[in-house]
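Undergrad: Below are the chains, spelled out letter by letter.
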Amino acid sequence: MLRQLEQLELLARRHSRSGGRGGRRSKARGQSVEFADYRNYVAGDDLRHVDWNLFGRLDRFFVKLHEEDRELPVDVFLDASESMVFGAPAKFDLAVRLAAAMGYIALCGFDRVSVRVFPEGLGDVAEAGVRSALVGVRGRKSALDFLGNLARVRVGGGADFNESLRRVALRVKRAGSAVVLSDMLDPRGYEAGLEALVARGFQTHVVQILAPEELEPATFGDLRLMDSETGAEQEVTFGRYRLRAYRQVVEDYTQKLREFCRARGIRFFRTTSDTPPETLLLRELRRGGVLG
Amino acid sequence: MRFLAPAAVWFAATIPVIVVFYLLKRRRVVLRVPSTVLWQRYLAETQASAPFQKLRRNALLLLQILLLLFAVFALVRPYVEGQQVPSSLRIMILDVSASMQSTDVVPSRFEAARGEVLRWVDGLKPGQRMVVLQSGSRTETRQSATSDKLALRRAIESCAVTDGPSRMGDALKMAESLVRDVPDAEIHLFSDGSVGGLDEFENRNLPLVYHRFGERANNVAITSLEVRANPENPLQRAVFASIANLSASPVSTLVELSFEGEPLDARPVQLPAHESGSVVFVVSQSRDGVFTLRHDAPDDLAVDNRASVFSELPAPVKVLLVTRGNRFLEKAIRAAGEVRLTVVPAVPEGSATWDFVVLDDVMPARWPEGNVLAIRSAATNWFQSTTVLRSPPIVDWKGTHPLLRFVNLDNVVVSEAIGVKAPAWGTVIADSPQGPLIIAGENGRQRVVWIGFDVLSSTWPLRVSFPMFIANAVSWLNPATVRAAQLNIRAGDPFRLELPQDAGAVAVRPPGSGWQSVTVGSSAREAVFGATDRQGVYGLKWRTNETAFVVRALDPIESDTAPRAEIKVGRYGAAAATTLRRGNLGLWRWGAAVALGLLMLEGWVYHRRTA
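Protein chains in written order, with my numbering: chain A, 1 to 292; chain B, 1001 to 1611.
In case anyone wonders, no lab produced these hints; they're calculated from the structure.
For each residue, glycine too, the CB sits at the ideal point set by N, CA and C.
Don't take every hint at face value.
To be verified - Which residues of chain B face chain A? A few of them, derived with a C-beta cut under 8 angstroms, are:
(1) Arg-1028
(2) Val-1029
(3) Val-1030
(4) Arg-1032
(5) Pro-1034
(6) Ser-1035
(7) Val-1037
(8) Trp-1039
(9) Arg-1228
(10) Leu-1601
(11) Val-1605
Said to hold, decoys possible - FRET-style restraints, in silico, Cβ to Cβ:
(12) Leu-1601(B) x Asp-124(A): 51 to 61 angstroms
(13) Leu-1601(B) x Glu-251(A): 30 to 40 angstroms
(14) Ala-1593(B) x Met-226(A): 43 to 53 angstroms
(15) Thr-237(A) x Thr-1578(B): 25 to 35 angstroms
(16) Met-226(A) x Leu-1601(B): 25 to 35 angstroms
(17) Val-1019(B) x Thr-237(A): 50 to 60 angstroms
(18) Met-226(A) x Trp-1590(B): 46 to 56 angstroms
(19) Pro-276(A) x Thr-1014(B): 58 to 68 angstroms
(20) Thr-1014(B) x Glu-251(A): 38 to 48 angstroms
(21) Thr-237(A) x Gly-1512(B): 50 to 60 angstroms
Starting from the given sequences, assemble the full structure and let the hints guide the process.
TA: Structure, rendered in structure tokens:
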């Protein structure tokens, strides 16, 4: 599996704007072997970069410019709210595996990886340590620690999706690739958060993970629904005959999300928690142009 | 509309209870969900927080309240008042004779009549009583006077239509005796008017209400069927049948005769409206059996579309003539068909070997056991006292009696006769002012014809009526004729069978059912079977003998299915068909039926919501 992942890389549609050196082309001029342009010599330029062949023909000094390879900052937004523990297997399990796989791919490609776990502020020092260790990870050597830390992330609390994404978007120095792993079922919506990422310049991918039970509920009758995140109770009478209508509700919700993403250049995927991660990574995300 | 049990309206007080139940929370299954985002649409339906908002658009509650309202409606026993005068006792006479099987009223006249009687029962008020009589060939009291609707209903539902004739006179007599001391009693007759036996009935003040059933007369009937010896060829049998078209249009039909199920002959018959015709089949018969005649014209009454007759093989009549010499009599007996005549001067021992005995002015030492034609001779216990009548003129005779068929006694002069008083068992068929001259009757199981004068001392042997009378007497006294009458009975009449002493168990099989044993008392020499309401061929079994007898529905009155506008009662009275409405139309059933329908609908709605 790891070997297969090593052969993959995160595809970037834009030149990297990152400051650190890495394996990605950028608009910055620097030390790579790729020729980029000429410019007039000015006093103080390194004579090693003067193109002497051109001087021989034109009798003027020109300096050769080369492209510089930069790193791609990859931010994985991992939803660790209470709602993610639902499903068999749990939605969070798939989210963590996807985060680990994408992180590993990025590390192998000399990119800087940050896994942004939200909701923040669980108040636990150890948890806070684990989460901070997942930010700004670089280099293949860090992969083992990275994966270990990721496995220690705990789930809990109610997320404020929009607020979490907006805060990260404001905080990051440079925007790169953003992968959002969530069920996208925040009652306050998802629009503001995703728009904040896009506005900040993130190349954004959204993977919506739903549990099979959410697509096909199996409990019927007079129900008292308890929201796992807010604890609010609501009474509902849900009969088998309403199953089709419910499916339509889910489809409409996803369709709305998909259209929102398409309008903003966000790549959107929907999956269920019982989908094997390798299928998702090696087939769906490659076909979708996220991995290459 | 009025109510029998208005107090039941208090049951409506349960409606608020149902509403309270709805206001109370229903027990719900707690289900933790990741998020209620996907359920918003369903939450909106039940989210209302104010208690009374819950009741809005709640189909189940609405249905339950409606159900309860209809149940209360049924419980208060609503009824629509009829127009009839209140009566404390009603005698309901239900006609179950064959004509009530007509299908011009769907499903049949009888079912329509029964439904109407049941509706009258529904309208019975407290304190009013009813009697249910079933009138067919017998009158049966199905229910004596009661106010119990359940018992009345059960009694009416147990009535069954028969193939027999109607003897309404008996039913009316019984009804008359029941209403005699009740001033406001009524007799309700549910019939089509095809009833007989009312000529003798005399009561013009009978409170009779006649409810007529039937719409039209559309019937083609076999009204008689007889098997006789063919007069032209004694080896063959002649089957005489009468077919009547009692409908208003001409009919052409095919009449088919079969013997023991094997078709023998078929004839097309054309009959104008309201006309009847006869058909004669000449067939040979090799064994005892049943001739069945049927026609295929479609009509309203099926029961008279076929008829059967049981026919025994003809055998010569064995006659013992005990006389001191009477050539006229001897010749007349010999001329009366196939007769084996033995002439002796005195009664020998063992007279049972003869079919009947003729005693001509002879007083035997021991009276013969079989049928007897006694001329100027009588058993000692027949008459109280005897006188001598000098030259009695014959002033009256019964031409309808089978013995006097085609017999005219106008020019017969008698010089001397024995003067007697007619015994209870006998019918006087020829009478003089001084006393009876010829008596016929059945004394026990013995058929007796008694002539009170010596024929040789009268002019009778010289008249043509004498051999005809003797021929009729030979036929009437022949035990085979008696047996034929026993084996071909009318529907509703009891079947009687004379049995040998050690006959053992007797069983009868009515058409379309199994063998039923007939109990015979150890001393009785006769088996009686009364359940002969259905026409057809009945199987009969005793010891190793197995034979059959035929129950026939042949009755011209029943076959004439024209509904009568009035029923003639006696010579002067008549009861016209009434348009009187039945009393008190009960409505609770409708309420209960709607409540039941609502209950089912409510169950379905609940299932849809929660399934």
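Undergrad: Confirm or reject each hint.
TA: Results of checking the hints against the structure:
Hint status for Arg-1028(B): holds, given a least beta-carbon distance of 4 angstroms to chain A, under 8 angstroms. A hinted interface residue such as Val-1029(B) counts as satisfied when its beta carbon comes closer than 8 angstroms to some beta carbon of chain A; here the least separation is about 5 angstroms, so the hint holds. Using the Cβ-Cβ criterion of 8 angstroms, the hint placing Val-1030(B) at the interface with chain A is satisfied: the shortest such distance is roughly 5 angstroms. Checking Arg-1032(B) against chain A: minimum C-beta separation of about 5 angstroms stays under 8 angstroms; hint holds.
The interface hint given for Pro-1034(B) is met, as the beta carbon of that residue sits about 4 angstroms from the closest beta carbon of chain A, less than 8 angstroms. Annotation: Ser-1035(B) was flagged as interfacial toward chain A, and the flag holds, the nearest CB pair being 4 angstroms apart, inside 8 angstroms. With a least beta-carbon distance of about 5 angstroms to chain A, the hint placing Val-1037(B) at the interface is held under the 8 angstroms criterion. Interface restraint check: Trp-1039(B) against chain A, minimum CB-CB distance 6 angstroms, threshold 8 angstroms, status holds.
Here the hint on Arg-1228(B) is broken, as its CB sits about 79 angstroms from the closest CB of chain A, past 8 angstroms. The criterion of a C-beta within 8 angstroms of any C-beta in chain A is not met by Leu-1601(B), whose closest approach is roughly 16 angstroms, and the hint is violated. Checking Val-1605(B) against chain A by beta carbon gives a least distance of about 11 angstroms; that is not within 8 angstroms, so the hint is violated. A hinted range of 51 to 61 angstroms holds for the C-beta pair Leu-1601(B) and Asp-124(A), which are about 58 angstroms apart.
For the pair Leu-1601(B) and Glu-251(A), the supplied restraint of 30 to 40 angstroms holds, since their beta-carbon distance comes to about 33 angstroms. Distance hint check for Ala-1593(B) and Met-226(A): the Cβ-Cβ separation is about 45 angstroms, which falls inside the suggested range of 43 to 53 angstroms. Separated by about 59 angstroms at the C-beta atoms, Thr-237(A) and Thr-1578(B) break the suggested range of 25 to 35 angstroms. For Met-226(A) and Leu-1601(B), the Cβ-Cβ distance of about 34 angstroms falls inside the hinted range of 25 to 35 angstroms, so the restraint holds.
With their beta carbons about 18 angstroms apart, Val-1019(B) and Thr-237(A) fall outside the hinted range of 50 to 60 angstroms. Under the hint 46 to 56 angstroms, the C-beta atoms of Met-226(A) and Trp-1590(B), about 48 angstroms apart, fit the expected range. Range check, Pro-276(A) to Thr-1014(B): Cβ separation about 60 angstroms, and the 58 to 68 angstroms hint holds. Thr-1014(B) and Glu-251(A) have their C-beta atoms about 46 angstroms apart, which keeps the hinted 38 to 48 angstroms range intact.
At about 58 angstroms, the beta-carbon gap between Thr-237(A) and Gly-1512(B) stays in the expected band of 50 to 60 angstroms.
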